[in-house]
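K.L.:
Residues per chain, in single letters:
Number of protein chains: 2
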Amino acid sequence: MTVPVLGLEELEAAARPRVVLDTVRAALIAHAEGRTTVPPPLHMEFPEAEGDCHVKAGWIAGGDDFTVKIASGFYRNSALGMPTNSGLVCVLSARTGQVRAVLDDRGWLTAWRTAAAGALITHAMSRPEAAMLGVFGTGEQARLQVRWLAMLRPLTKVLVCGRSERKAAALCEWLGGHGLDAEPAGAEEAAGADIVVTTTPATAPVLEADAVRPGAHVTGIGADMPHKNELPPALFRRAETIATDDHDQCLHHGDFGRAVRAGAVAQDCDIAAGALLLRQMQRSATAITVADLTGVGALDAALASALLRAAGA
Amino acid sequence: MTVPVLGLEELEAAARPRVVLDTVRAALIAHAEGRTTVPPPLHMEFPEAEGDCHVKAGWIAGGDDFTVKIASGFYRNSALGMPTNSGLVCVLSARTGQVRAVLDDRGWLTAWRTAAAGALITHAMSRPEAAMLGVFGTGEQARLQVRWLAMLRPLTKVLVCGRSERKAAALCEWLGGHGLDAEPAGAEEAAGADIVVTTTPATAPVLEADAVRPGAHVTGIGADMPHKNELPPALFRRAETIATDDHDQCLHHGDFGRAVRAGAVAQDCDIAAGALLLRQMQRSATAITVADLTGVGALDAALASALLRAAGA
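Line by line, the protein sequences are chains A and B. The UniProt record's numbering numbers the first residue of the first sequence as 1 and each following residue consecutively. The UniProt record's numbering numbers the first residue of the second sequence as 1 and each following residue consecutively.
Simulated from the structure, these hints should not be mistaken for lab results. There could be a bad hint or two in this list.
Stated by the list, open to error - Just a few of them, taken from the derived set where beta-carbon distance is under 8 angstroms, the chain A residues facing chain B:
{"no.": "1", "residue": "G73"}
{"no.": "2", "residue": "G176"}
{"no.": "3", "residue": "L180"}
{"no.": "4", "residue": "P184"}
Claimed, not checked - Computed spacing ranges between beta-carbons, pair by pair:
{"no.": "5", "chain 1": "A", "residue 1": "L8", "chain 2": "B", "residue 2": "P47", "range": "53 to 61 angstroms"}
{"no.": "6", "chain 1": "A", "residue 1": "H252", "chain 2": "B", "residue 2": "E45", "range": "19 to 27 angstroms"}
{"no.": "7", "chain 1": "B", "residue 1": "R18", "chain 2": "A", "residue 2": "W174", "range": "52 to 60 angstroms"}
{"no.": "8", "chain 1": "A", "residue 1": "G139", "chain 2": "B", "residue 2": "K167", "range": "55 to 63 angstroms"}
{"no.": "9", "chain 1": "B", "residue 1": "H252", "chain 2": "A", "residue 2": "A262", "range": "52 to 60 angstroms"}
{"no.": "10", "chain 1": "A", "residue 1": "M225", "chain 2": "B", "residue 2": "A266", "range": "39 to 47 angstroms"}
{"no.": "11", "chain 1": "B", "residue 1": "D22", "chain 2": "A", "residue 2": "L8", "range": "13 to 21 angstroms"}
{"no.": "12", "chain 1": "B", "residue 1": "L152", "chain 2": "A", "residue 2": "L8", "range": "41 to 49 angstroms"}
{"no.": "13", "chain 1": "B", "residue 1": "H252", "chain 2": "A", "residue 2": "H252", "range": "53 to 61 angstroms"}
{"no.": "14", "chain 1": "A", "residue 1": "V19", "chain 2": "B", "residue 2": "E50", "range": "56 to 64 angstroms"}
{"no.": "15", "chain 1": "B", "residue 1": "G7", "chain 2": "A", "residue 2": "V19", "range": "26 to 34 angstroms"}
{"no.": "16", "chain 1": "A", "residue 1": "R213", "chain 2": "B", "residue 2": "G7", "range": "54 to 62 angstroms"}
Unchecked claim - Non-contacting residues of chain A with respect to chain B, defined by C-beta distances greater than 10 angstroms in every case (computed):
{"no.": "17", "residue": "P17"}
{"no.": "18", "residue": "P41"}
{"no.": "19", "residue": "R95"}
{"no.": "20", "residue": "R213"}
{"no.": "21", "residue": "H247"}
{"no.": "22", "residue": "R261"}
{"no.": "23", "residue": "G312"}
A quick note: this is a predicted structure, and the numbers were derived from the prediction, not measured. In this text, a Cβ means the ideal position worked out from N, Cα and C, and glycines have one as well.
Isolated chain A (complex conformation):
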């Protein structure tokens, strides 16, 4: 008998929102409390094929399973009609080291935990009555962040700001089909919403700090490498509260680190985003709050383990 492989269909069936949200919430809290293990990743480069491969592992202390996630990106593939990304998640028992399953997830595990983490933290940091959302970006994470946040609180309006008018219109139509009132918007308009979420691969700020209104919350999802940048340092300077999903990672790879290096804020001014899920954040009605999320690898282990359990594997 060979190792069981779970495909996307089985994983999607197992990934009910309640399971994903509860698992990601618990994992974010564990990470904020220092109960996660994330070893330095393994990297390979294939310059001739414009490709790379990253292997990341993670474990939440006490958890049944740990994961080893293999993710490749070969950037000429789209010209060949093939997906840019490939990989898989190997789930191993943290008690016996036995391989429990291979998740042939096409990157969805990462997409789901990113969406759930973003939605949970955005919801926790936004004013209770905030209902108008501005989203930057029109890709998979834009779609997921809106949908998952809409599961946590009512959204009366979604303003979609994208570089491509066609893609922005398509996302609005898709959101409309899911019961959300969405329309394309310019950057200033979208940045003026009650809640702002950025999900782009931008390398320069997508909004002006002054366009964000008092009382608003802004979550940055896209910047996860030093050369990427979505939120301007001046926005961090305006913020009453800055939360990071992983202090070191956000300092080295995120918008928070860029704001620190620009001298806008002190490098110890942030709080752990996961801690905000445990107790209600105190905020004034006119404060601006910012969350910088770069992705917590240890969440993969928790979510993979929960999906395996839900799939009855």
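Since the structure of chain A is provided, determine the placement of chain B on it from the hints.
P.N.:
Leaving out everything else, chain B in the frame of chain A:
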């Protein structure tokens, strides 16, 4: 459709000796010529379960595929009636990054490439007429090293030296069943053979340097971590030729490094074992030669790729 998984049965069927030997020979030569890529491995520790997990990747330049090998060792498992080791090998295209297959090999890929590499190098370094083999150790690698060497040259006698008389007798019986004249022997007798191969997890020398005869060749397979040791520094001092499968790795993790640190030999006195497969080594009839092999991870990629091709996957 999910990623194809090849089990041990399919891999064993594909692992015909000619395929394995040709592939490992070419890969050892590539490694000697610096045409392999091996990034620093990823490690995780699970102290409460006495477990660890290592992830190693490798690629031979120009090769179709690269591999990511996940290997766990949980040292309380045998008490639970479970295998100590688990893991898998993920094979990805080096042209497109797509996952080609998962090899659910239970560690056999590593065992085979270690056996083939040892046999090829032992054969290349031994005198043409050497036919009496002394083997230290009675485990899987002892069995494999003898069998694979016997495919490359006739062996008139195999002397088996093991700490357990029962296991030594069992190995002799097994070898006898495969047409080899094998008998248990003490360390001095086994060390006096024409060819000596050590395959133990020993942490102190298993033989005396003086017991090795002029004209003999010795290959050390077992010492692959700094605390392990099979061959005494004095044997390296007696050697006319010292070959290492990976200079840096043998210097830091092998018996060669121990001999260097003991002041027995200079740290640049070794030659690349793989280079000996390309051209016949010159040796005097009375010289002692030594090979220190710690395992070349890039061989996994070459062998996995060849087995996938042979299996028609």
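K.L.:
A separate judgement is required for each hint: does it hold in the structure or not?
P.N.:
Hint check results:
1. G73: Holds, about 7 angstroms.
2. G176: At 33 angstroms from the nearest chain B Cβ, A/G176 fails the 8 angstroms test, so the hint is violated.
3. L180: violated, 33 angstroms
4. P184: violated, 34 angstroms
5. A/L8 - B/P47: 53 to 61 angstroms: violated, 35 angstroms
6. A/H252 - B/E45: 19 to 27 angstroms: Distance hint for A/H252, B/E45 holds at roughly 24 angstroms.
7. B/R18 - A/W174: 52 to 60 angstroms: holds, 56 angstroms
8. A/G139 - B/K167: 55 to 63 angstroms: holds, 60 angstroms
9. B/H252 - A/A262: 52 to 60 angstroms: Taking Cβ atoms as reference, B/H252 and A/A262 lie about 42 angstroms apart, which means the hint is violated.
10. A/M225 - B/A266: 39 to 47 angstroms: Between A/M225 and B/A266, where Cβ atoms are some 44 angstroms apart, the hint holds.
11. B/D22 - A/L8: 13 to 21 angstroms: For B/D22 and A/L8 the Cβ distance comes to about 38 angstroms; the hint is violated.
12. B/L152 - A/L8: 41 to 49 angstroms: Hint holds: Cβ distance 47 angstroms, inside 41 to 49 angstroms.
13. B/H252 - A/H252: 53 to 61 angstroms: violated, 29 angstroms
14. A/V19 - B/E50: 56 to 64 angstroms: violated, 31 angstroms
15. B/G7 - A/V19: 26 to 34 angstroms: Check passed, 31 angstroms falls within 26 to 34 angstroms.
16. A/R213 - B/G7: 54 to 62 angstroms: holds, 60 angstroms
17. P17: Holds: least Cβ distance 24 angstroms, greater than 10 angstroms.
18. P41: violated, 7 angstroms
19. R95: violated, 5 angstroms
20. R213: holds, 43 angstroms
21. H247: holds, 21 angstroms
22. R261: holds, 27 angstroms
23. G312: At roughly 17 angstroms from the nearest Cβ of chain B, A/G312 sits farther out than 10 angstroms, so the non-interface label holds.
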